[in-house]
Amino acid sequence: MSDSTVSEDAIVIERVFDAPTDIVWGMWTEPDHFKNWYGPQGFSIPLAEIELTVGGKRMVCMESPDGTMKMCTTGEHLEVTPTSRLVYTESMADADGNVMPMGEGNPGRTEVTVILEDVDGRTKMVLTHAGVPADSPGATGWNQAFDKLTDYVGTVVKG
Amino acid sequence: MRSEDDRLSQTFAALANTTRRAILARLAEGEATVNELAEPFNMTLPAISKHIKVLERAGLITQGQKAQYRPCTIDAAPLQEVSTWTEQYRHIWEERFDRMDDYINQLNQKEQDHE
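From first to last, the protein sequence lines stand for chains A and B.
Heads up, the final residue of the first sequence is numbered 161 in our numbering, and it's a clean run with no missing numbers.
Heads up, the final residue of the second sequence is numbered 143 in our numbering, and it's a clean run with no missing numbers.
To be clear, the hints were calculated from the coordinates, so they are not data collected in a lab.
Please read these numbers as outputs of a predicted model, since none were measured by experiment.
Fair warning: there could be bad hints in the mix.
So the derived list for chain A, only partly shown, Cβ under 10 Å to chain B, looks like this [what the hints assert, rightly or not]:
#: 1; residue: Ala-12
#: 2; residue: Ile-13
#: 3; residue: Phe-19
#: 4; residue: Asp-20
#: 5; residue: Asp-24
#: 6; residue: Met-29
#: 7; residue: His-35
#: 8; residue: Tyr-40
#: 9; residue: Gly-41
#: 10; residue: Pro-42
#: 11; residue: Gln-43
#: 12; residue: Ser-46
#: 13; residue: Thr-112
#: 14; residue: Met-127
Computed beta-carbon distance windows for the label pairs [to be verified]:
#: 15; chain 1: A; residue 1: Lys-72; chain 2: B; residue 2: Glu-64; range: 34 to 40 Å
#: 16; chain 1: B; residue 1: Lys-78; chain 2: A; residue 2: Leu-54; range: 47 to 53 Å
#: 17; chain 1: B; residue 1: Ser-37; chain 2: A; residue 2: Gly-57; range: 37 to 43 Å
Each residue gets a CB set at the ideal place from its N, CA and C atoms; glycine is no exception.
Please model the entire structure based on the sequences and the hints provided.
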């Protein structure tokens, strides 16, 4: 099951953290911890609503340092197995949590899978992020920078 | 992998500036001299040259060696690499996990201080 999402349309990142699995689990599930690492550098996380049950809501908002840019994502938890496995969906949303339409042929929904494993008191974490459509507005400021670039890269390559 | 990350970081850093993105956008339409690139900006030639150097180091543009005009041209290869969503998000997640690592180390340090 964990291998099925490994494709060109998925990111898989493995990391080892110097902390037991319950601490790393808390990084993803406790808003106070989550807010300390998730946002782009300098961004604040005014909202992190994490309802930790299957079907429970997960909504996060990020705000740029000058307050001019606010981005939210919303989704639900698909699997919640404390300290070992967390799966949730994610879609771009407005500040009220309404999913923003992504256009035809675009799922607009992505799936994040976090698997934690104890390795002698440390934690091996494997993240899989699958199914983000290429032209979706992303969850961070990088995408704004790339919107135009992506457009003209195609032109340059062809020309 | 490391060197690939470094190269990507360099590309991202070069792109994280509106003037440099505007320069690239201009070059996407065709080659241009430094003078031509400087025109739309309210900037001195040395300031523009600095931006061009950054883009050149990131491999995003090349500057001709011949002729006194030394026109700049865009090189799309590094852009292609970061234009896929997987590369963008990989970068985002890697940065997030760097911060998570820092934060966990802070927590570990606090705990040690209490002991």
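Here is what the structure says about each hint:
1. Ala-12: holds (7 Å)
2. Ile-13: holds (5 Å)
3. Phe-19: At 5 Å from the nearest chain B Cβ, A/Phe-19 passes the 10 Å test, so the hint holds.
4. Asp-20: This interface hint holds because 6 Å falls under the 10 Å limit.
5. Asp-24: Check failed: Cβ of A/Asp-24 comes no nearer than 12 Å to chain B, outside 10 Å.
6. Met-29: Result: holds, 6 Å to nearest chain B Cβ.
7. His-35: At about 8 Å, which falls below the 10 Å cut-off, the nearest Cβ of chain B leaves the hint on A/His-35 intact, so it holds.
8. Tyr-40: holds (6 Å)
9. Gly-41: Result: holds, 8 Å to nearest chain B Cβ.
10. Pro-42: With Cβ-Cβ at 7 Å, under 10 Å, it holds.
11. Gln-43: Nearest chain B Cβ about 7 Å off; hint holds.
12. Ser-46: At 13 Å from the nearest chain B Cβ, A/Ser-46 fails the 10 Å test, so the hint is violated.
13. Thr-112: Holds, about 9 Å.
14. Met-127: holds (8 Å)
15. A/Lys-72 - B/Glu-64: 34 to 40 Å: holds (38 Å)
16. B/Lys-78 - A/Leu-54: 47 to 53 Å: holds (49 Å)
17. B/Ser-37 - A/Gly-57: 37 to 43 Å: Since the Cβ atoms of B/Ser-37 and A/Gly-57 sit about 39 Å apart, the hinted range of 37 to 43 Å holds.
When held up to the earlier numbered hints, the structure conflicts with 5 and 12 and fits the remainder.
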